[in-house]
Amino acid sequence: MGAVIELSTHGDARIARAREAAARVCDPEVPVLTIDDLGVLRDVRRDGETIEVVITPTYSGCPAMDMIALEVDLALEKAGFVHRKVTLSLSPAWTTDWMSEAGKAKLKAYGIAPPQGRAKGRGALFGVEEIPCPHCGSLDTRRVSEFGSTACKALWRCESCREPFDYFKCI
Amino acid sequence: MEAPLFTYTLRLADNALVLGHRLSEWCGHGPMLEEDLALANMALDCIGQARNFYTYAGEMEGKGRSEDDLAYLRDCADFTNILLVERPRGDFAFTILRQFLYSAFMHPFFEQLSASKDERLAAIAAKAEKEMAYHLRHSAEWVIRLGDGTEGSAARLSEALADLWPFTGEMFEVDAAERALIEAGVAVDPASIRPLWLETVDRVFADALITRPKDVWMQSGGRRGEHSEHLGHLLADLQFMQRAYPGSVW
Ligand SMILES: [Zn+2]
Numbered sequence: 094m095g096a097v098i099e100l101s102t103h104g105d106a107r108i109a110r111a112r113e114a115a116a117r118v119c120d121p122e123v124p125v126l127t128i129d130d131l132g133v134l135r136d137v138r139r140d141g142e143t144i145e146v147v148i149t150p151t152y153s154g155c156p157a158m159d160m161i162a163l164e165v166d167l168a169l170e171k172a173g174f175v176h177r178k179v180t181l182s183l184s185p186a187w188t189t190d191w192m193s194e195a196g197k198a199k200l201k202a203y204g205i206a207p208p209q210g211r212a213k214g215r216g217a218l219f220g221v222e223e224i225p226c227p228h229c230g231s232l233d234t235r236r237v238s239e240f241g242s243t244a245c246k247a248l249w250r251c252e253s254c255r256e257p258f259d260y261f262k263c264i
Numbered sequence: 003m004e005a006p007l008f009t010y011t012l013r014l015a016d017n018a019l020v021l022g023h024r025l026s027e028w029c030g031h032g033p034m035l036e037e038d039l040a041l042a043n044m045a046l047d048c049i050g051q052a053r054n055f056y057t058y059a060g061e062m063e064g065k066g067r068s069e070d071d072l073a074y075l076r077d078c079a080d081f082t083n084i085l086l087v088e089r090p091r092g093d094f095a096f097t098i099l100r101q102f103l104y105s106a107f108m109h110p111f112f113e114q115l116s117a118s119k120d121e122r123l124a125a126i127a128a129k130a131e132k133e134m135a136y137h138l139r140h141s142a143e144w145v146i147r148l149g150d151g152t153e154g155s156a157a158r159l160s161e162a163l164a165d166l167w168p169f170t171g172e173m174f175e176v177d178a179a180e181r182a183l184i185e186a187g188v189a190v191d192p193a194s195i196r197p198l199w200l201e202t203v204d205r206v207f208a209d210a211l212i213t214r215p216k217d218v219w220m221q222s223g224g225r226r227g228e229h230s231e232h233l234g235h236l237l238a239d240l241q242f243m244q245r246a247y248p249g250s251v252w
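Just so you know, the protein sequences line up as chains D and Z, in that order. Numbered by this note's numbering, the letters in the first sequence go through residues 94 to 264 in order. Numbered by this note's numbering, the letters in the second sequence go through residues 3 to 252 in order.
Simulated from the structure, these hints should not be mistaken for lab results. Warning: the hint list may mix true and false statements.
As the list claims (entries may be wrong) - Okay, derived cross-link-like pairs now, BS3-like style, lysine-lysine, Cα gap no bigger than 30 Å in a straight line:
(1) D/K178 - D/K197
(2) D/K197 - D/K171
(3) D/K171 - D/K199
(4) D/K178 - Z/K65
(5) Z/K119 - Z/K65
(6) D/K178 - Z/K119
Let's have the full structure, built from the sequences with the hints guiding it.
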């Protein structure tokens, strides 16, 4: 009986250690954020002897996913996990609502406006957004383009400080 | 006879891949830097959607075909995309109007498909819906800007509309196999999308100062593998590497 309990706590400790290692992996396109901040890291679990890390893509065509999967695998290897796998899960679909508050603060400090409010449906399609400038805080900003340097960002400009900035789109 | 769900998934994949390729042809040729980025990003979304659908189609077929096999090793007659998406990219007005007509349909389509009884299709659609929302908004804004812009931009938009409109009918086609999937709650009935699609089109066209053409004879065939010569040229470009160097990898 004691042995079984010991085995399962041992298992939980392994999962915690694996999670810690995986959670430190950064998004190659927004290196200030970890995959944990982003909400891309969905689960760390045990499948027999194998540690399984589940990640979800931000966008269907996100080119960073292969890189992230590789980095997670490397992080687990470095942490001493021999039997490991990284699984890609599509459902439920990733949303910016999963981004941590710490993540949003890091984004802003990095010069990227964090997603505003919660992801909405069709109602917001033709709506007007109010995005504060990450540099000076002004609300006198303008969207230059719906699409920026990566799929997850839009291109904006501040009319007060005249600086262009990226906005992490709300989806 | 292929399994209906395989055919259905493959059609979704082919539409996304072919349109994604057309959009990607703009990379480095956009009318300005911001649009170059936007078109490349939209291409990436479509190709990502195609990858998800192809992977699923390959798995359910059970013959060991991967997403790459399905994208790179099938010939024209095996492709089941609608003719709309294989039209050559044309000028910017043509590309942006096609994106608008397509995403005004696909956005509500994916929204409905995300409630499909097939969990995998539902999962892929839930992601794609969010992406098409941005394609719709972006392309709609440009349609208005071009239509309500200069004489030149309005003329190009009108010309694009006359070219593209006869290819919009195929989005609403349904065959017997698909009808069964619709009744099973797996597939989306495109007829249910039509009122919303027309409403979106009319609303944006009103701001763009253009009118929806009167009902004309609609082109058809792509879904059955009957394509224009343009698809052959597109595939020659898309598939060259795998045809010339079979099995090559990055
Ligand atoms: Zn500012």
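Each hint, compared with the structure:
1. A hinted pair counts as satisfied when its Cα atoms are at most 30 Å apart, and D/K178 with D/K197 qualifies at roughly 29 Å.
2. Between D/K197 and D/K171 the CA atoms are separated by roughly 28 Å; this keeps the pair inside 30 Å, and the hint holds.
3. Between D/K171 and D/K199 the CA atoms are separated by roughly 26 Å; this keeps the pair inside 30 Å, and the hint holds.
4. Proximity of D/K178 to Z/K65 is assessed by CA-CA distance (about 24 Å); at most 30 Å being required, the pair is judged to hold.
5. For the proposed pair Z/K119 and Z/K65, the alpha carbon gap of about 24 Å is at most 30 Å, so the pair holds.
6. Taken as a hint, the D/K178 and Z/K119 pair is honoured in the structure, with Cα atoms around 29 Å apart against an allowance of 30 Å.
The structure fails none of the hints (numbered hints given earlier).
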